[in-house]
Amino acid sequence: MTVRTAAGEALRLENVRKVHGTGDGKVDALAGVSVALPAGSFTAVMGPSGSGKSTLLQCAAGLDTPTGGRVFVDGAELAGRNEAALTRFRRSRIGFVFQQLNLLPTLDVLQNVTLPLKLAGRRVDTAHAVETLRRVGLGDRLHRMPAELSGGQRQRVAIARALVARPPVLFADEPTGALDTRSAREVLGLLRETVRAHGRTVVMVTHDPVAAAHADAVLFLADGRLVGRLAAPTAEAVAERMTHLGDDAEVQRARTGA
Amino acid sequence: MLGLALRSLRRRVSAFTASLLAAFLGATIIMAFGSLLDTSVSGGATGAAAETLTTMAAVVGGWGLVLVVFAVTSTLTLSARQRAGELALLRSVGATPGQIRRMLVGEAAGLAVAGALAAVLPAWLAGRGIVGLLHDADMVPRSIGHTFGAFAAGTGFGITLVAAVVAALLAARRTGRERPADPYADAADAARLPWPRIAAAVLLLGAAVNCAVLTMTVMRDEGTMAMPIAAQAAILGSLSLALLSPALLRGATRLLERPLGAFGVAGELAVVSLRRRTRRLAAVMAPIILFTGVGVGTVHLQRTENAALATATDLPEADARTLETLNYVVIGMIVLFMAIMLVNTLLAATAHRRREFGQQRLAGATPGQVLGTVALEAAVLAAVGVVCGAAVSLLGIVPFAVARIGSPVPEGGPAAVVVVAVLAAALTLGTAYGAARRALASPAVDAVTP
Ligand SMILES: Nc1ncnc2c1ncn2[C@@H]1O[C@H](COP(=O)(O)OP(=O)(O)OP(=O)(O)O)[C@@H](O)[C@H]1O
Ligand SMILES: [Mg+2]
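Taken in order, these protein sequences are the chains called A and B.
Basically my numbering = 1-based index in the first sequence + 35.
Basically my numbering = 1-based index in the second sequence + 269.
Extracted from the complex, chain A is given alone in its bound form (with noise of 0.2 Å):
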């Protein structure tokens, strides 16, 4: 595995696309995008429905295959590894919170919690399972099925679980989608933490102009396309560029000549 990227740099896409499905259904979901995030930054992914946001992450973390460009997380290029390989790697670097979440319906909150470390083969520690669920608000609840949560705590167990392996590289779809204000502050104050604390990368997805002001810059993407970058950014300004994304998409595409 060659190192190609900086030093200190999490995450690396160079031109990446992706096509789904084929012929009339065909959409492209990602038309080249090119970012590098700095290890210990704190990055917000926004745009409308559709744009390519949950599919951009997912190819950032190996979950989905890229029709065309590369992808490096952590120094290391995910290309031409098979799912064994692939997953192994994920264990290790990679913690995704899914925007449908995914936790397994048959096994209870802190079983789905310490499931990656133990399928990893990793020495479980219970106590700090305990511990992240208990950040997340969860410490009462620790043997209840997800069939008994609401759909908030539910988030909050996909959340834990992925913090719990404490993963260099943190991907996170729409995590605070379904909290309430005081939960969603919660979360994102962890997430904070996290990267502050422990020096994490965390990439988020989220509509909320509110949650993107809680990180360092934000992405902007339309039509598979980033078209735009906000540092330090408060809520008004994100959501005073979001009105706009459309225009963007427009003077973008024409530059581009797509």
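Derived from the structure by calculation, the hints contain no laboratory data.
Source: prediction; values computed, not measured.
Just so you know, even glycine gets a beta-carbon here, dropped at the ideal spot from N, CA and C.
Treat each hint with caution, since some may be false.
Stated by the list, open to error - One side of the interface only, derived from the structure: several residues of chain B facing chain A at Cβ under 8 Å:
(1) E537
(2) V541
(3) S542
(4) R545
(5) R546
(6) G633
(7) A634
(8) Q638
(9) S711
(10) A713
(11) V714
(12) V717
As the list claims (entries may be wrong) - Here chain B is said to cover these stretches of chain A; the calculated rule only asks that three of the stretch's residues, wherever they fall, bring their Cβ under 8 Å from a Cβ of chain B:
(13) 95-105
(14) 150-158
(15) 223-230
Fit chain B with the ligands to the given chain A structure using the hints.
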């Protein structure tokens, strides 16, 4: 609603194929043996020939019937359970229970008619083959040719249709009680067995014990005639345990929890799914019990019978041999049927787990770990099923040995059990592994999107 039903059928081809195959094979057996009655009536059979034809039609056809009802019901129930989410979704957007019931019943009826139609030709051929064997054994005069008539067709279509519709009604009633549209709700299927099912199992077991006692007492001096009664004991007992399979599996899981733990995370996940998805996995174990119970039972009964005949020849040897062949053909059909049901149910059940496997993979499981879990589960199902089936077959084997050769130890040694066990294990593991590999073929992120 029917258009909706057809569209939804296309999306779950494997469960649909399982039910269709059960209807088809079941109708084949029922019609093949039903045609023996047509043969008897239209050929004007009298005396021993008429008795042979009627008895075979009634006894074997009757067993075929019971197994068919069982198979059709279990595959249809499985498919309805797999669609619990979809049906709940339909209800949540305003479908009434009546509409859902009509949809399920319409589907089941269509399936039964299609299966029975496809079964006509194979059933006719099989019936002809059996009558041919009976000719060879001089049990039916050659002047009476095979006829496939109203009785065969009537029972074939009628029984398959009724079984399917009743199963659909039961399934509709069950899904009506489920919580609507919660993707996590389908985990809770470890519910207790409903009392009618327990009652039926107890009745069947009582009947089996009764047959066992009859074999040793009333039928003791009746020679060969004791065999069908002993066979009934084995079949009834197997059916009873098949009905109780969720409870048996739950008990076995408790015992096996520790040994499975030795297999690490795969063993742990296997225990979880055995505990939480007991009903669905038990639906796979039921045909294993029937396969083993009927298979082991018949082989040993026939071996014992051979041993008895060898000492006291009251039947010409050629006839004895043909009778043996006939016996194996008949039971072979039933065992083959159960084997196909086993593969069938397992394929359908595993294909439905694509999403679950996807979730495991996204949580960090390699394909190898998923396959390991599936293999462990299958091994448990095969082992528990074979043990239960073999144990319950003793209900027929031992009394018959006592009656025929005066010793409770059956003839034939452990070979039959070993062969049946290996076959059951190979079928279960092979099918589960193959189906799981297919379910793993698509990327995990695609597998979890409904
Ligand atoms: N498996 C798939 N097959 C076909 N098309 C897909 C698939 N997944 C996504 N797409 C398409 O790709 C485009 C980008 O989808 P993506 O899920 O990345 O959007 P998103 O920005 O995450 O949207 P949302 O905010 O609604 O979650 C959409 O047009 C979508 O329809
Ligand atoms: Mg998305």
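Outcome of the hint check:
no. : hint    : verdict
1   : E537    : holds, 7 Å
2   : V541    : holds, 5 Å
3   : S542    : holds, 6 Å
4   : R545    : holds, 4 Å
5   : R546    : holds, 7 Å
6   : G633    : holds, 4 Å
7   : A634    : holds, 5 Å
8   : Q638    : holds, 6 Å
9   : S711    : violated, 11 Å
10  : A713    : holds, 7 Å
11  : V714    : holds, 5 Å
12  : V717    : holds, 5 Å
13  : 95-105  : holds (count 3)
14  : 150-158 : holds (count 6)
15  : 223-230 : violated (count 0)
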